[in-house]
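Enquirer: The residues making up each chain are set out below.
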Amino acid sequence: MKKYAVALGLAAAIAFPALAQAKTVTLNTTLKGYGGNGAYLAIYLTDAQGKFHSTLRVAGGKAKYHSHLRDWSRGERRNVDGITGASVGSGQSLKVSVNVADALIDAGYQIRIDSAVENGRENAAEVVVPLTAANAGKPVSGKGYVKSFSFDM
Amino acid sequence: MLRQFHALPGLLAAILVVMLAVTGAILSLDPILQRAANTPPTAGQISVAALAEAVTANHREVDRIVKTASGAVIAYYFDGDRAAADLVDPKSGQTIGPYAPSDFIRFVTNLHRSFLMGDAGRAAAGIGALAMVVLSISGAMMLAARMGGWTAILRPVCGTASQRWHTELGRFAVLGLMLSALTGCYMSLATFGALPDGAIVEPSVLTDVNGGARAPVAQLAALKSVDVTDLRELAFPKAGDLSDFYVLNTAQGIGHVDAATGAMLGYQPHGLGRQVYETIYMLHTGQGLWPLALILALAALTVPFLSAFGALIWWKRRSALPRIPHNVGAQSADTIILVGSEGNSTWGFAGTLHAALTQAGHRVHTAPMNRLVPAYANAARMLILTATYGDGAAPASAKRFLARLDAVKHPLPVAVLGFGDRSFPHFCRFAEDVAAALHARGWPVLSKLACIDRQSAQEFARWGKDLGNTLGTELTLTHVAARPKTIALELIERVDYGAEVQAPTVILRFAAPKATLNASFWRRLRAPRLPEFEPGDLVGILPPGSDLPRFYSLASSNRDGVLEICVRKHPGGLCSSFLHELEPGVRIEAFLRKNPAFRPARGKAPLILIGAGTGIGPLAGFIRHNAGRRRVHLYWGGRDPASDFLYEGEMTKYLADRRLTHLSTIFSRVSGGGYVQDRIASDANELRDLIQRGAQVLVCGGRDMATGVARGLEAIIGPMGLELQTLKSTGRYLEDVY
Numbered sequence: 001m002k003k004y005a006v007a008l009g010l011a012a013a014i015a016f017p018a019l020a021q022a023k024t025v026t027l028n029t030t031l032k033g034y035g036g037n038g039a040y041l042a043i044y045l046t047d048a049q050g051k052f053h054s055t056l057r058v059a060g061g062k063a064k065y066h067s068h069l070r071d072w073s074r075g076e077r078r079n080v081d082g083i084t085g086a087s088v089g090s091g092q093s094l095k096v097s098v099n100v101a102d103a104l105i106d107a108g109y110q111i112r113i114d115s116a117v118e119n120g121r122e123n124a125a126e127v128v129v130p131l132t133a134a135n136a137g138k139p140v141s142g143k144g145y146v147k148s149f150s151f152d153m
Numbered sequence: 001m002l003r004q005f006h007a008l009p010g011l012l013a014a015i016l017v018v019m020l021a022v023t024g025a026i027l028s029l030d031p032i033l034q035r036a037a038n039t040p041p042t043a044g045q046i047s048v049a050a051l052a053e054a055v056t057a058n059h060r061e062v063d064r065i066v067k068t069a070s071g072a073v074i075a076y077y078f079d080g081d082r083a084a085a086d087l088v089d090p091k092s093g094q095t096i097g098p099y100a101p102s103d104f105i106r107f108v109t110n111l112h113r114s115f116l117m118g119d120a121g122r123a124a125a126g127i128g129a130l131a132m133v134v135l136s137i138s139g140a141m142m143l144a145a146r147m148g149g150w151t152a153i154l155r156p157v158c159g160t161a162s163q164r165w166h167t168e169l170g171r172f173a174v175l176g177l178m179l180s181a182l183t184g185c186y187m188s189l190a191t192f193g194a195l196p197d198g199a200i201v202e203p204s205v206l207t208d209v210n211g212g213a214r215a216p217v218a219q220l221a222a223l224k225s226v227d228v229t230d231l232r233e234l235a236f237p238k239a240g241d242l243s244d245f246y247v248l249n250t251a252q253g254i255g256h257v258d259a260a261t262g263a264m265l266g267y268q269p270h271g272l273g274r275q276v277y278e279t280i281y282m283l284h285t286g287q288g289l290w291p292l293a294l295i296l297a298l299a300a301l302t303v304p305f306l307s308a309f310g311a312l313i314w315w316k317r318r319s320a321l322p323r324i325p326h327n328v329g330a331q332s333a334d335t336i337i338l339v340g341s342e343g344n345s346t347w348g349f350a351g352t353l354h355a356a357l358t359q360a361g362h363r364v365h366t367a368p369m370n371r372l373v374p375a376y377a378n379a380a381r382m383l384i385l386t387a388t389y390g391d392g393a394a395p396a397s398a399k400r401f402l403a404r405l406d407a408v409k410h411p412l413p414v415a416v417l418g419f420g421d422r423s424f425p426h427f428c429r430f431a432e433d434v435a436a437a438l439h440a441r442g443w444p445v446l447s448k449l450a451c452i453d454r455q456s457a458q459e460f461a462r463w464g465k466d467l468g469n470t471l472g473t474e475l476t477l478t479h480v481a482a483r484p485k486t487i488a489l490e491l492i493e494r495v496d497y498g499a500e501v502q503a504p505t506v507i508l509r510f511a512a513p514k515a516t517l518n519a520s521f522w523r524r525l526r527a528p529r530l531p532e533f534e535p536g537d538l539v540g541i542l543p544p545g546s547d548l549p550r551f552y553s554l555a556s557s558n559r560d561g562v563l564e565i566c567v568r569k570h571p572g573g574l575c576s577s578f579l580h581e582l583e584p585g586v587r588i589e590a591f592l593r594k595n596p597a598f599r600p601a602r603g604k605a606p607l608i609l610i611g612a613g614t615g616i617g618p619l620a621g622f623i624r625h626n627a628g629r630r631r632v633h634l635y636w637g638g639r640d641p642a643s644d645f646l647y648e649g650e651m652t653k654y655l656a657d658r659r660l661t662h663l664s665t666i667f668s669r670v671s672g673g674g675y676v677q678d679r680i681a682s683d684a685n686e687l688r689d690l691i692q693r694g695a696q697v698l699v700c701g702g703r704d705m706a707t708g709v710a711r712g713l714e715a716i717i718g719p720m721g722l723e724l725q726t727l728k729s730t731g732r733y734l735e736d737v738y
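If you read the sequences in order, they're chains H and U. FYI, in our numbering the residues of the first sequence are 1 to 153. FYI, in our numbering the residues of the second sequence are 1 to 738.
These are computed hints drawn from the structure, not numbers from a lab. Values in this document were obtained by computation on a predicted structure and should not be read as measured data. For glycine and all other residues, C-beta sits at the position ideal for the given N, C-alpha and C. Heads up, some of the hints might be wrong.
Calculated pairs, DSBU-like style, for lysine-lysine (alpha carbon to alpha carbon, straight line, at most 35 angstroms) [unchecked claim]:
1) U:Lys448 <-> U:Lys569
2) H:Lys138 <-> U:Lys238
3) U:Lys409 <-> U:Lys448
4) U:Lys728 <-> U:Lys653
5) U:Lys224 <-> H:Lys64
6) H:Lys23 <-> U:Lys238
7) H:Lys62 <-> U:Lys653
8) H:Lys143 <-> U:Lys224
9) U:Lys238 <-> H:Lys51
10) U:Lys728 <-> U:Lys604
11) U:Lys448 <-> H:Lys143
12) U:Lys485 <-> H:Lys147
13) U:Lys465 <-> U:Lys485
14) U:Lys91 <-> H:Lys64
15) U:Lys238 <-> H:Lys32
16) U:Lys91 <-> H:Lys32
Cβ pair distances, simulated, as ranges [said to hold, decoys possible]:
17) U:Gly603 <-> H:Gly38: 27 to 37 angstroms
18) H:Gln49 <-> U:Ala260: 35 to 45 angstroms
19) U:Gly271 <-> H:Gly38: 39 to 49 angstroms
Computed footprint of chain U on chain H; a stretch qualifies when at least three of its residues, placed anywhere within it, have a C-beta under 8 angstroms from a C-beta of chain U [what the hints assert, rightly or not]:
20) 88–102
21) 121–134
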């Protein structure tokens with residue numbers, strides 16, 4: 001029995017080498033009650049100078065509106081279908097878990113959020129939080145539509 | 001065919017189309033109100049740089065200036081950590097007040113775009129727009145076909161109230177609706193990516209941003225060169241990031257503007273798709289084009305009424321067709337029965353025949369004669385049952401039969417059975433015309449033309465037996481006339497005339513009887529009401545001991561509160577004798593039938609009303625309802641002014657209050673008297689003048705009188721180069737003859 005478990009663990013380690021070097025990070029975003037149509041959000045990583053690194057999550061499925069998420073859309077050039085969900089309504093929350101490579105944590109990278117609402121504001125980088133273990137679990141608020149954002153890992 | 005094209009999408013998509021129209025009408029108020037709130041700047045009045053300068057002077061940290069499609073300018077800014085927005089005067093940049101988009105308008109917009117149901121709703125809205133296109137086009141084509149060509153579509157319409165309303169509203173709104181629907185289809189297809197939606201492509205970010213200290217926005221060359229009329233949006237660079245730049249979006253293109261030098265760093269002109277989209281967006285919403293918004297709103301507001309009247313017309317048409325059990329489709333039937341009927345009595349015979357043939361194992365299709373189709377795949381024979389209308393004309397359900405006959409490729413063995421009344425000179429005339437037309441086109445005769453007199457069940461049974469012999473089956477036709485659904489009427493007044501001149505005539509006024517005490521609570525609560533009718537419509541009365549209704553022209557509208565008829569007693573007449581014996585308080589059973597073919601055209605054109613004897617009834621009704629005081633000339637003939645001058649008192653009153661312009665009477669039993677056709681001949685000049693001015697002629701009365709009047713008028717209008725047939729075909733000469 002024990003032999004099997006060891007074999008299974010070994011197989012998993014070989015099959016998912018990335019798991020060994022990545023952390024699951026849970027992103028909690030709650031929007032203000034701004035009373036408009038659903039907000040488009042882009043949650044992404046930049047380096048300390050604000051240079052785009054990679055996308056964590058996009059809320060809002062119609063690609064033609066993605067250009068309104070200004071900073072993010074200038075950085076992201078790849079297809080984001082796999083990490084895109086529905087837009088987030090006024091006063092609603094979005095909770096998603098993503099895998100972040102260990103090498104990016106406590107290495108000067110930042111989590112940023114761009115947001116946009118139809119006939120409303122377009123907020124580039126309304127949330128900027130350094131991706132450090134110390135910041136985990138500490139809620140911050142954005143200047144635009146984000147009432148609070150925190151990440152747990 | 002065209003009618004199905006119109007009715008089917010109309011019924012299926014009614015709710016979608018009405019929702020789109022009502023929400024659309026509400027939304028088009030927005031551009032009108034916006035335009036009323038502020039007038040847009042003219043070209044050359046203010047540059048984007050000057051506008052931005054004025055806005056930054058009044059706000060601490062401006063984020064973005066947006067000019068909406070309707071021309072309103074909104075400044076988004078931060079006041080410390082508080083995000084806010086102001087409405088700004090586009091001519092000066094001065095703050096008008098805080099910008100708070102209306103939740104109601106947002107809700108209605110979402111309802112209009114997607115019925116609040118996401119992509120499924122968006123697809124439904126697109127289908128609604130498509131239905132609207134189909135309805136507008138098929139409706140316009142039906143109108144043209146009905147009025148006799150595209151040049152005639154603005155002529156006055158005849159028909160029942162719902163038909164008139166539907167047509168009037170439809171032709172008022174059709175162009176606006178077509179524009180809304182076509183642009184709506186485009187926008188729907190653009191939403192789903194099937195057509196270009198003109199999405200803006202930003203130029204790629206360049207690295208050669210100057211990065212120096214920012215110049216005042218008013219001095220930036222690239223912003224100074226752009227007029228506010230061309231502005232779409234100006235995004236400001238982030239406060240703390242010197243490598244950031246302005247993004248300027250205009251009607252022509254999008255570019256990055258260096259915040260330090262004012263130079264245009266990268267510029268991407270909009271594609272054709274963007275311009276097309278903006279134009280179509282403007283045409284659809286009326287944003288920035290408020291007179292169009294007003295027109296579209298008015299057009300959209302007709303849609304709920306168009307739907308309601310359309311549904312009513314459809315339902316009335318449908319319920320007017322008697323239900324025939326086991327009615328097989330036209331293409332699978334072996335026997336086709338076509339019915340030409342003005343009322344519904346011929347349908348009863350068709351139903352009996354249908355049932356008997358079905359019993360004998362045939363697959364039978366029964367339809368109105370107007371629904372003749374070019375080919376019947378499995379048919380071996382056709383049976384045509386038709387009445388005759390008026391003086392040998394086609395009845396309502398057969399009016400288009402002869403015109404459609406030429407399209408039929410394969411003649412079938414055919415039998416024609418006419419229904420009529422032998423006492424009329426043109427007994428079964430239309431049936432004879434149909435038989436002759438079929439013969440001329442080489443249709444084989446299945447059995448000889450036969451005619452049924454006064455709905456005789458015996459003659460019908462005999463014809464059926466003969467037909468059975470021809471088909472080789474026993475066919476027993478037992479026809480029992482269905483009694484129409486009747487209403488109760490109570491006689492409240494009678495006025496007698498003409499006994500001295502051997503023409504006893506009575507004007508009878510009926511009202512809806514008051515509910516009795518043992519009637520249900522709801523019936524008693526409701527005031528007794530007559531069903532809807534107009535002067536010239538018909539009331540059918542079944543005299544005791546007869547299944548054959550007699551029809552009388554109505555002299556009143558239900559709005560008068562009474563149902564009024566004018567009846568002369570005929571020697572030996574079953575129904576007229578019955579009516580002449582009625583005393584006030586007595587109730588009879590009757591039913592109503594619309595007669596839209598005999599009604600004055602609406603408008604201001606003069607009316608020439610001609611009648612004799614009881615024919616004055618509907619004419620008096622028309623005069624009574626001449627609220628618009630159009631010119632009305634009445635020519636009427638009686639026997640003796642001392643005895644049978646019907647409606648004498650009323651006519652004096654109508655002359656005094658100008659509902660009647662001119663009354664010309666003539667009496668046959670006084671010395672120097674004559675008939676109404678004589679009076680017409682002596683008034684030729686006056687009549688010519690009226691007809692020249694577009695007058696409509698309505699003739700009501702006995703057959704001989706009508707023939708005389710027609711001949712007389714023919715002679716009068718001949719010198720004008722007009723023919724009676726022309727007046728008839730344009731609805732300017734109408735007859736109600738008995």
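Enquirer: Give a verdict on every hint.
Expert: Hint by hint, here is what the structure shows:
1. U:Lys448 <-> U:Lys569: violated, 38 angstroms
2. H:Lys138 <-> U:Lys238: holds, 25 angstroms
3. U:Lys409 <-> U:Lys448: The given pair, whose Cα atoms are some 22 angstroms apart, holds under the 35 angstroms limit.
4. U:Lys728 <-> U:Lys653: holds, 31 angstroms
5. U:Lys224 <-> H:Lys64: holds, 30 angstroms
6. H:Lys23 <-> U:Lys238: Holds, at roughly 32 angstroms.
7. H:Lys62 <-> U:Lys653: violated, 74 angstroms
8. H:Lys143 <-> U:Lys224: holds, 30 angstroms
9. U:Lys238 <-> H:Lys51: holds, 15 angstroms
10. U:Lys728 <-> U:Lys604: The hint holds at about 19 angstroms.
11. U:Lys448 <-> H:Lys143: violated, 93 angstroms
12. U:Lys485 <-> H:Lys147: violated, 70 angstroms
13. U:Lys465 <-> U:Lys485: Given that 35 angstroms is the threshold and the Cα spacing comes to 31 angstroms, the pair holds.
14. U:Lys91 <-> H:Lys64: holds, 32 angstroms
15. U:Lys238 <-> H:Lys32: The given pair, whose Cα atoms are some 22 angstroms apart, holds under the 35 angstroms limit.
16. U:Lys91 <-> H:Lys32: Holds. Lys91 (chain U) to Lys32 (chain H) sits at ~33 angstroms (cutoff 35 angstroms).
17. U:Gly603 <-> H:Gly38: 27 to 37 angstroms: 54 angstroms Cβ-Cβ, so the 27 to 37 angstroms window is violated.
18. H:Gln49 <-> U:Ala260: 35 to 45 angstroms: violated, 19 angstroms
19. U:Gly271 <-> H:Gly38: 39 to 49 angstroms: violated, 28 angstroms
20. 88–102: violated (count 0)
21. 121–134: holds (count 5)
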